[in-house]
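> These are the residues of each chain, in order.
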Amino acid sequence: MNNTTKARIRRLAYALASIAALVLAAAAGWRPN
Amino acid sequence: MSTLSFTLALLAASVVVGYLLGGRLQHLLHRRLTWLPLALVAYLVQAVPVHTRGLAVALLLGSFVMLMVFCVANRSAPGIPLLCIGLLMNFAVIAANSGMPVPRSSLVASGQEATLPALQHSAVKHHLAGPDDVLMPLADVIGVGAPIHLLFSPGDLAAFAGMAWLVVGSMRRRYTPRHVVLRRDQIKPRARIADVV
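For the record, the sequence lines run as chains A and B.
Here the first sequence stands for residues 3 to 35, where the numbers follow the numbering used here.
Here the second sequence stands for residues 8 to 204, where the numbers follow the numbering used here.
Keep in mind that a hint or two might mislead.
As the list claims (entries may be wrong) - Covered stretches of chain B, as calculated for chain A (at least 3 residues, CB under 8 angstroms): (1) 12 to 21; (2) 26 to 39; (3) 66 to 77; (4) 86 to 95; (5) 106 to 120; (6) 133 to 144.
Don't read these hints as lab results, they were simulated from the structure.
The model shown is predicted, which means the values in this text are computed figures rather than measured ones.
Built from N, CA and C at the ideal position, the CB exists for glycine as well.
Whole structure, please, built from the sequences with the hints as guidance.
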């Protein structure tokens, strides 16, 4: 796996994690955890 | 199922739907979302352990303001306007009641009655609904039973739908930055030979 592919995967993981964080912060459904 | 697991499952399902509709994850990378770290900071701010109720409410509302700034900055991205509507709905209820009210009946409907003691000693984001709470139709009134066992507010549903739309929509179309579109519009039509001669 070359550096370009690694960087692309890293950027993709960061984008998806940020989108998940965005909706988790916006959502206000009760969960006991 | 925790909200985190539900969110990750929905995210994965959105990626699958994006592929089924002919999209590519690579297109998601081309869409540059402005101020992306703000979403992470807003999430982390909600997790800061604070013992003073007033400060905790202020941090929670501040986190929502950060999310709104993010949504306004990225309003042209697919799904973000819907996510913004959900955010505003949740913000309105939380600001009016200093936290999201959870009706006992919804708690039972989602099969979470065992979590009632945890809710009573919960942090600031949730509290058991009382007679003084307002805007109750926008509160955590949608109880989903087995196997999910989660409570949602109408704003949550809009936010989750907006997230799915953002992922699928970004995967499906290649993002063209605005300046490129403008430049394309400014191209003059090629002169006709008759005009030149």
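> Compare the structure with each hint and give your call.
Each hint tested on the structure:
1. 12 to 21: holds (count 3)
2. 26 to 39: holds (count 4)
3. 66 to 77: holds (count 4)
4. 86 to 95: With 3 residues closer than 8 angstroms to chain A, the stretch 86 to 95 of chain B meets the three-residue bar; holds.
5. 106 to 120: Coverage by chain A holds for the stretch 106 to 120 of chain B (4 residues, Cβ < 8 angstroms).
6. 133 to 144: Answer violated; 1 residues pass the 8 angstroms Cβ test.
Checked against the numbered hints above, the structure breaks only hint 6 and satisfies the rest.
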